[in-house]
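*Asks:* Listed below are the residues making up each chain.
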Amino acid sequence: MLDAILSPVGFISLVLFFGVGAIGALMFRKNDEFANVWSSFFAVAGSLWGVLFALLALNAAYPMLLSFGVNTFPLFSVSLTVDKLSAFFIFVISAIALFCSIYGYGYVKHYYGKYSIGTLGFFYNLFIIGMLLVVTASNAIFFLIAWEIMSVASYFLVVYDRNEQENVKAGFLYLVMTHVGTAFIIAAFLLLFKYTGSFDFEAVKSGALLIPASVKDVIFVLSLIGFGTKAGIIPFHIWLPGAHPAAPSHVSGLMSGVMIKTGIYMMIRIFLDLLQPVPTWWGPVVMIVGSVSALLGVLYALTEHDIKRLLAYHSIENIGIILLGLGSALTFSSLNLPSLALLGLVAALFHTLNHATFKSLLFLSAGSVINGTHTRNMEEYGGLIKYMPYTALFFLVGSMAISALPPFNGFFSEWLTFQALFQGMKSLDLFTKWTFIGSAGALAFTGGLALACFVKAFGATFLARPRSAEARHAKESSLSLKFGMGALAAMALLFGIFSGYVTSILNRIGLDFGFTSSFVSSTPEQSLAAGGFSIVSGPAFFILLAAVVLAVVFAVKFLVNRNQKVRVGATWDCGVDLTPRMEITSTGFARSIILIFKGILKPSIQREIEYRDADSRYLPISRKITLKVNDMYRTYFYAPLSGLVSFVSERAKYIQSGNINAYILYILVALLASLYLVK
Amino acid sequence: MESIFWAIQLVMVPVMSPLGVGIIRKIKAKLQNRRGASVFQPYKDLWKLLHKDEVLSSDASWIFKVAPYIIFAVTIVVGLSVPLFASFLQNTFTGDMLMVVYALAIGTFFLALAGIDTGGAFGGFGSSREMTVSALAEGGLIFALLTVAFRSGTTNLFAISNAAILNTGYSFLPVILSFFGFFIVLLAETARFPFDNPATHLELTMIHEAMILEYSGKRLALIEWASANKLFIFAALGANLFFPFGIAHDAQLGSIAFGVAFFFIKLSVIYIAIAILESSIAKYRFFRLPDLLLVSFVLNVVAVAFLI
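Residue numbers (our numbering), protein chains in the order written: chain A, 15 to 693; chain B, 41 to 348.
Chain B on its own, in the form it takes in the complex (with noise of 0.2 Å):
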């Protein structure tokens, strides 16, 4: 019973991720007045991407053609080690926080390796400005993830969502605090406004689409459905760490629905947000970003002084 659960929870990132970012973008264009393609397209677009004809730089090199392979797979073994709809599987082997934190910066490390890789002037600069902003989030996203890891005494994040829903009165303040704290890091790694425009290819502003702008084929449809992966996961780790209600505890067939509906929902909220936010804020100048990622440090901080 408990393998087809893992089951769901295997398929259910790289099958529901596409969605959201649909979602993002529908709602963004209603905000600015314009009807909008279907929530739909970004599975059309893959579907599209997978059967294309494809076109490799002349100078890419072997770490070119592979990552898209590793930042994928990347994000799926991530996927299987954060909780989505039930908390009551426990994935003891790499549920720890540290280990997803790290296991996603692979992805990071290999996509900024691709960028620099084709030697074209975009690609660098989109790495060095990725690794830039992605050095700074790393000290929000561990305290971040630790404010919640001393709530419930374990940083194995299944074991987080499940036992944190027991002690929710005394420790409202520090998960509010660290879960702004987060939402900041979210944004970050996530290639969101205020850190990066996802819908650019302006050279000036571009940071995620610099680094896979010589991508085409089916490596970019990879690409681009790992970063779709890659917000399901961060929403995902939002909505059950810090705000775990509603998440299945036992194998009953009802709480699994009910786990599941409820998580979408969750998941809706955060998306709805972040549309929200990219539609009424201006992208951040460069160097503006730092205070920003200081800020979400900081307010972890704080948070994880009010709990020990």
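Looking at chain A on its own, in the form it has when it is part of the complex (with noise of 0.2 Å):
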């Protein structure tokens, strides 16, 4: 029975599932309702399979190979193979549409009547066959059919809500960034092509030799350029903040938590398995961007007031990390230090794993709220603890998650991060060592401002008093929404109290890969050990934690308490009322941490004040204060860089002249040329 399941039979039923799902909600897109059950039920029916599918091929021997289609025509071929790195990231696929499915049943209710639930239910289960594809696919060219499919309906879904005219801006923005990264992508396997002759992996894995080194620096920068577009890594970013934020909430947790992780999928596949050996500068490289991302993403959440673009900041910041863990791999498999190099990709693919947990339930909650009160604007939230209380625990549940604070899974795959950077420090390399000390500060910067964003998320979101009639309004949501983001508010927990079996399973992934032995283990008591310099225990911790807790209130309750009264009373307010007005605000919060990174950040503030009698100026009518933070990365590298393209194809217009006598001499020139490049 199993054994039918980790088959090329099951892996197209997986597929089949979801193509059903599309194809159905696209022919009963009359009926809204009857729409939305049939893609949801689908697309949690084919979650539910890909789960068991990825555990079974986790646990498999040997990759599952699946191919057929004329080999000499690449273009109507399809190749997969399912080894474990594939499966654990079809693992991270399903567990997190399983659970945005769920939510997403109820969630799109509210889009009944105003857009269609047929052709969102046909992209949703588009999206996700295109990232099953994606990370299964073994063949260049099937690849980037497949990296099409889950951009293009990724776009469509990001511009689902397309009477807000942000909306198609972001999404159009979107679209162009992902095909830019593309080409880069189309690049960099056109020279794998070249100097393997072939677009199977395999055996450009086996020809990867014959690959001269400076060719191969190339190819490490096309693709990286090209998959950290669409991870979202710094400046390649600005489309992120745009594009995640637009899409219907559910979509949001899976481009955030999932779709930006195929980038760093690739990243592993060509760096770690196909190109292997990499020269040592590389590892540092990834390095240096990845704390570049992290800490720059994290600023530039701390400025955000629109709650889904301070998470896809976090998203960013994220991607930064999950490249620290990555970029020491690659340094220490350069250094031939096999068991090093796995610590690294352990760390990267736990924290890919909790990231797709906590940053999906963060979004999920962010849409619940958003549902609540009809607006994203952080500063018209407040008090919604009282309101939505469900919601508010599992959005802290993800705070404390994201914000690494142990018993949750972030801590530690933060820490396995930690440990990574801390044994490069000591390798001999000058260069490399310097890197690995900066990349451990940033990372340290990291976690203490994503403390204080989270701390500024929840408290200007749920704490204190409504800040407007919505927030005072909010109800809670349906019992689908909260059944998902439940479920994946536990995984945090039990990923977090369980990482030592979880690290283990990683492990076999690096065992794959040719790393023979690992530096991560996991004790009998389920501790998580990093060689003998580290070890750290989860269950311990929770346990601890709680047993103190409770005896705490135990001892306060009944050894001390004797008959106090507790009253309620209102805050202390200096005499006069006080109003919601007098909270902090999430700017507020952020400012000072703001004007202490002024000379990156660049903010600008902005007075207008009107007078009563503009002479006198002393009694104003109304004052006007605009905060802003300046987008560099459009004002001094996509603005010239746009500049230059319009430049170049001003010039370029000399040649159009319109006279077809003079495009047959060029078209004669072009052909004479290229047979002469051909000979």
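One or more of the hints may lead you astray.
Each computed DSS-like pair below joins lysine-lysine, with the alpha-carbon atoms no more than 30 Å apart [unchecked claim]:
#	chain 1	residue 1	chain 2	residue 2
1	A	579	B	92
2	B	88	B	105
3	A	400	B	92
4	B	84	A	579
5	B	323	A	616
6	A	400	A	571
7	B	88	A	579
8	B	105	A	400
9	B	323	A	571
10	B	105	A	489
11	A	612	B	105
12	B	88	A	571
13	B	105	A	571
14	A	571	A	208
15	B	84	A	571
16	A	579	B	323
I should point out that these hints are in silico values taken from the structure, not numbers from a laboratory. Predicted model, so just to flag it, every value in this text is computed and none were measured.
Got two chains here, separate frames each, mind docking them using the hints?
*Replies:* Pasting the structure below:
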């Protein structure tokens, strides 16, 4: 029975589940409720199947191969390989898709009658199919087809709420950026093809030694940019804070939690699998990119007051943290330290899994808040913990997990990343050593700033008094939303407590890569150990903390408390009536950190005052203060770039005379030139 | 036998920590030519607060009500995870340096949330300032502990205090450097001068006090007690990781007694240093604090670079 699932047929049926969901949703698009039930049901069933399939594949001895079609004509051939790395990513995709789909069933109800639910279900299922194929494709051409399915489907999901002009613009930027990234990826694949003579990953891997060192370096840079654009590394991130918030929240959860990880998957696949052995400088470069993304990502998150943009910037931060693990793995593997390389890889994979869990949890809870208040602006929230207690609890769990507070899962993967960086500091080469020191410093500050950012996010959203009428009338979300969030929250806790067990599974993925021994191990008591250097225990901390909290509550309640009264009164207000305007806002909360980092963030302040009498200037009618953080990447990178492109196109216009004879001449010259080159 | 020592370790932090606060206050009073309250006054304060009636804000949610218990419990858990008087006790479960740093962050997290929760004008900015300072202190703290971790080849704090005694000679300079870095973080994390004034309720300057303004009764007692614990834990870290002399290495009764005595002497030195510092310098302007924390980070990075 189990063998039947882990077979080509099993994988095809996995794709078919979502395929049937997609086609059916489109067919029944006339009836919103039915289309919703249909597409959600098949997405949930497919995800369950996917989780089962992935767990079996993680335990399998050999990778599963599947290929059909004509080998000589790669455009029509399908070839898939499910090894342990792919299985891990199938698990992440399916597990997150499972809870996002359950959540989505309830969430999309507010689109009924407004937009077509069938179309949403179609693209949603297609999007999941795209991601599943991306992480299993073993042929460059087929990979690109899957990559496009994923990108285009997600584009249509981003612009789903098309009545908002902002969303359409964000979607367009996403479409452009993702294709710029794809161009780099295609260039990388073509170079691989030129020197190995094949699009097949297995053949590329065996022919990797034929590739000259300089070409390898070019391929590295091309794929770092190409896949980095999808992953959202700075400075190629500009599409991300626009596109993720625009999509419906369960799709944001999938995009932020899972889709950007496909970029990480391909980096692991190409750098650690196909192109081995790698030069020493690749790892440090990846780590520098990771440090910059982590630190700047969290700083930009602090400046945001749109809850979903804030979370989107945190995705950039966490991609940075994953790249720190991956970069150290690359460095160690190039220095021929396989067991340390495995430590870095496990850290990167574990953080991938954890980030998928808590980030989709946070996006889903943000969606629940938006559903209740109809705004994404955190300044209009406040006090929602009283109106939406479950959402608040789940958001709190997500906040604690992403801020790396034990015993939640984020702590343990950041801990592993730290261990990888600590081990690297002992490496001999001066440049590499300082890269590791710098990365560890960046990670330490990132952790602290993320904590500050989530105090801000949780505090401004759920605590104090409501700052708008919408927030006062917010209602708790329905059961399917609560179930989706609650299950992810439970996962965030369980992956933390059983981190030892999870990492022992992740170790196997690395062993598949030919890293013989592991630096990470788990003890019988489920502690997580990094060599003899560090050891930490999730279960012990959880039990200890829970026991001490209970003991303190018990002691205070039964040993100390003797008939004291607890009175409820108003917050101290200095003698004036306390209004919601006196609370700290999310902008105010982060203001001091923004000012401290003003050299990096370049905040600007603009004051407009309108006076009753323009001459005397004593009695203002209105004051308006605009605080902004300038988008440096647009000003200093993308604007000059687009200026250059326009300039070149402008010059190229001269040869477009409109004269057909001239065009025929061009064709002739081009033909002769290419014939000469081919010769 | 070992369980007795664990029991001593468990109760030592909450039992002894108010005394530390009392000692600092007494020395400060003496330096200001006042007689000052008894060093046992903090115990009496806690006792009184625990038995007082309580006023809760009508805006407060369960976060505000639960936070003091979590904040206090975290300091107890951390108290079990750091070496106090004996390094032969081995806690391989929660004794990791990063575990301790991030466990303390749980307390900061809930304290800051509780500050926002009542919706007062003071609590929110107190939280904002606290998170700013603690975010910038984290780099210095991790690297300070990393210095001693590299020196002894492990990040387990008990093992550090055990191993560091064996090879003190060759790494004197980095340890001193990182101790200064650590001391700056200690002042920042425990809300001491020049970061915060523990004796003020002036809205322009307060950080820690602003967050706990709305607490009263037993919850205030728990929070005050937890901050005393935190001070004790940081002082113990400074005393035992950077200068692990005299700590008990075996379960002999003599060495335990010596270890406890020596531990209290070292703590007293740190407390006296804090008290003298508080009496001799002014509180810094808020936007000068990042410079100080950056100094701490740089000192520690230099110290780490010396060792590797």
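*Asks:* Please go over all the hints and tell whether each is borne out by the structure.
*Replies:* Evaluation of the provided hints:
1. A/579 x B/92: holds, 8 Å
2. B/88 x B/105: Roughly 19 Å between the alpha carbons, so the hint for residue 88 of chain B and residue 105 of chain B holds.
3. A/400 x B/92: This hinted pair holds, its Cα atoms lying about 28 Å apart.
4. B/84 x A/579: At roughly 20 Å apart (the allowed maximum being 30 Å), residue 579 of chain A and residue 84 of chain B satisfy the hint.
5. B/323 x A/616: The hint holds at about 28 Å.
6. A/400 x A/571: Cα-Cα ~25 Å, so holds.
7. B/88 x A/579: At roughly 14 Å apart (the allowed maximum being 30 Å), residue 579 of chain A and residue 88 of chain B satisfy the hint.
8. B/105 x A/400: holds, 14 Å
9. B/323 x A/571: Violated, at roughly 39 Å.
10. B/105 x A/489: holds, 23 Å
11. A/612 x B/105: violated, 36 Å
12. B/88 x A/571: holds, 16 Å
13. B/105 x A/571: Given pair residue 105 of chain B, residue 571 of chain A holds - Cα atoms ~13 Å apart, limit 30 Å.
14. A/571 x A/208: Not OK: residue 571 of chain A and residue 208 of chain A at ~75 Å, beyond 30 Å, violated.
15. B/84 x A/571: Answer holds: residue 84 of chain B to residue 571 of chain A is near 19 Å, not above 30 Å.
16. A/579 x B/323: violated, 38 Å
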